[in-house]
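Chain by chain, the residues:
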Amino acid sequence: MIPALFIGFSLLLLVSGLMVVLHKSPVTSAMFLVVAFCALAGIYILLHAEFIGMVQVIVYAGAIMVLFLFVIM
Amino acid sequence: MREYLPVLMFIIVGIGFAGVTLGVSQFIVPRRSTAKKMAPYECGVEPVGTARQRVEIKFYLVAVLFILFDIEAVFLYPWAVAFRRLGLYGLIEMVLFVAVLLVGYLYLLQKKALDWNSPS
Amino acid sequence: MKRLLADALQKYHVWAAEHPDPTFAIWAFIKIFIILNVTLVVVSYLVWAERKICGRMQGRFGPNRVGWFGLLQPWADVVKLFFKEEFVPGSANKVLYSIAPALAIVPALISFSIVPFGPGLHVTDLNVGLLLFLAMSSIGVYAVTLGGWASNNKYALIGGLRSSAQMISYELAMGISTIGVLLLAGSLSMVDIVKAQEHTWFVAFQPVAFLMFMITAFAETNRTPFDLPEAESELVAGFHTEYSSMKFGLFFLGEYSNVITICSIAVTLFLGGWNGPWLPQSLKFLWFFAKLAVLVFVFVWARWTLPRFRYDQLMDLGWKVLLPVSIANVMLTAVVVYMRVPR
Chain H
1 MIPALFIGFS LLLLVSGLMV VLHKSPVTSA MFLVVAFCAL AGIYILLHAE FIGMVQVIVY
61 AGAIMVLFLF VIM
Chain L
1 MREYLPVLMF IIVGIGFAGV TLGVSQFIVP RRSTAKKMAP YECGVEPVGT ARQRVEIKFY
61 LVAVLFILFD IEAVFLYPWA VAFRRLGLYG LIEMVLFVAV LLVGYLYLLQ KKALDWNSPS
Chain X
1 MKRLLADALQ KYHVWAAEHP DPTFAIWAFI KIFIILNVTL VVVSYLVWAE RKICGRMQGR
61 FGPNRVGWFG LLQPWADVVK LFFKEEFVPG SANKVLYSIA PALAIVPALI SFSIVPFGPG
121 LHVTDLNVGL LLFLAMSSIG VYAVTLGGWA SNNKYALIGG LRSSAQMISY ELAMGISTIG
181 VLLLAGSLSM VDIVKAQEHT WFVAFQPVAF LMFMITAFAE TNRTPFDLPE AESELVAGFH
241 TEYSSMKFGL FFLGEYSNVI TICSIAVTLF LGGWNGPWLP QSLKFLWFFA KLAVLVFVFV
301 WARWTLPRFR YDQLMDLGWK VLLPVSIANV MLTAVVVYMR VPR
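Residue numbers (the numbering used here), protein chains in the order written: chain H, 1 to 73; chain L, 1 to 120; chain X, 1 to 343.
Just so you know, these hints were derived from the structure itself, not from any lab. From the three backbone atoms N, C-alpha and C, an ideal C-beta is built for every residue, glycine too. Among these hints, one or two may not hold up.
Unchecked claim - Using C-beta positions, here's what the derived DEER-type ranges look like:
1. X/M1 <-> L/P30: 45 to 53 Å
2. L/R31 <-> X/A302: 57 to 65 Å
3. X/K195 <-> L/S33: 51 to 59 Å
4. X/R65 <-> L/P30: 18 to 26 Å
5. H/K24 <-> L/P30: 29 to 37 Å
6. X/P307 <-> H/A4: 48 to 56 Å
7. L/E56 <-> H/M1: 44 to 52 Å
8. L/Q110 <-> H/A4: 48 to 56 Å
Said to hold, decoys possible - Every beta carbon over 10 Å from chain H, so not counted as near; a handful from chain L, in silico:
9. Y4
10. A63
11. V74
12. P78
13. M94
14. V100
15. Q110
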């Protein structure tokens, strides 16, 4: 179960990371980066670092990417 | 570790629900589009200029300051949970930390970085 | 018949003892399904309740044509929304335009997985439950921002930006005002926080934090008096100007789900969750729903009573009043807890 979840989250992270670089529109790239951070939070939780996982979503996906969006838009 | 599985299931069920709702509505919705309906709405007059206006710098400032104080809050969380074990040392440390950030906050207020051009 | 049932129950108990993980997963799925459906029904009837209360406060009846007391009105609304014509504006970004409504409702629903409705009646008991709620609030900002930007409409863009700036400013004060509760309870788990309130609700120790949490709750859910970003008289409809049919329906549902979610969290953190006198343990969830109903009524009451804040007044309140007061509250609570805890 846990290996399957890890593979799922890692694939999601890799694919969304690739799409950040390959996509044309900057706002869509930023949204893919948000998906990448949420997948990363999932991996942190699998490593029993739940606090860091939640903080990843709160600070990185929730604050820093909003800053990016404000700048890009 | 096992407690996090329902959260993942809830995420999948939630996304599934939103997806099904939007998908079903795509099929049963009547579509009678005309050119006028497709134009952006601007209170009945012809739209003037493009919608991709320049975003004001104030929003960027608000976002940067939000990051700073959000990280302060993130440091306050584990301290609050472990507070009783930390004793006086932990309390004084955190008071000093908040005091340093408070100095930054007072600088912010003095420089009027967050004044939103109130009509006076 | 009874023997058959007893046999089946016995077989189930044996199977469950041998396979604990699938049992847990299946029970979690059943609870999630129940919560999803109950939430959707409660949210639709919250819309009905709001229209009725609003009508009464304005000296008229609310909806009363569709069924007794208008009780079938939400179903009529849902059917109407499904069959309305939907058009995506020509120059909009179609993918983000479709994703924004989903982003509005999914975080609000996920926050329900940590709320303890009664003793043992919670979907899951995370050790960082409160942080999950804050994380979902942070993700909810994207719905508004993307909805405003993807519509390719100036009003929507301004409304979306203003709303997201408002939401992030008030998220700070909301997060910091919950730290007082954490100092008292000593754990981030919602179930532990409710258990710590068996004798006294935390609102007695943290009235200022409760008041601030409620004020920021109004701002986070874009409800009056903080609903300038979607004010009808100002910005057409703000960030959901160009939305119609079920996409608008999801935004609408998302807003009301957010109201119920935040009120549930406020009840859990400050008003003692399911604690209350006189009822046996199996019926304590009724206390939770009673407190939830009171808070939701306050939300509806405020909407139809208070005028709306101007945008700069709103941001001033968030940054210059609520933030310093919440930090001062945390420091004061820390000092008092330190002095009273026996060492």
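Tested hints:
The beta-carbon spacing between X/M1 and L/P30, approximately 52 Å, falls within the hinted interval of 45 to 53 Å. Between L/R31 and X/A302 the beta carbons are some 39 Å apart, a value that contradicts the proposed interval 57 to 65 Å. Taken as a hint, the range 51 to 59 Å holds for the pair X/K195 and L/S33, whose Cβ atoms sit roughly 56 Å apart. The hint said 18 to 26 Å for the Cβ distance between X/R65 and L/P30, and at roughly 25 Å that hint holds.
For the pair H/K24 and L/P30, the beta carbons lie near 33 Å from each other, so the given range of 29 to 37 Å is met. A C-beta distance of roughly 54 Å is found between X/P307 and H/A4, which places it inside the suggested range of 48 to 56 Å. The hinted window of 44 to 52 Å between L/E56 and H/M1 holds, with their beta carbons roughly 49 Å apart. Taken as a hint, the range 48 to 56 Å holds for the pair L/Q110 and H/A4, whose Cβ atoms sit roughly 55 Å apart.
With a least CB separation of 6 Å from chain H, L/Y4 falls inside the 10 Å interface cut-off, contrary to its annotation. Separation of L/A63 from chain H is inadequate, the least Cβ-Cβ distance of about 4 Å not exceeding the 10 Å criterion. The Cβ of L/V74 sits about 5 Å from the closest Cβ of chain H, inside the 10 Å cut-off, so the non-interface label is violated. Not every C-beta of chain H lies more than 10 Å from that of L/P78, the closest at about 7 Å, which undercuts listing it as non-interface.
Against chain H, the non-interface label of L/M94 holds: every CB pair exceeds 10 Å, the least being about 17 Å. The claim that L/V100 is not at the interface with chain H holds, since no C-beta of that chain comes within 10 Å of its own (minimum 19 Å). In this structure L/Q110 is separated from chain H by more than 10 Å, as the shortest Cβ-Cβ distance comes to about 23 Å.
Going through the hint list in order, the structure does not satisfy hints 2, 9, 10, 11 and 12.
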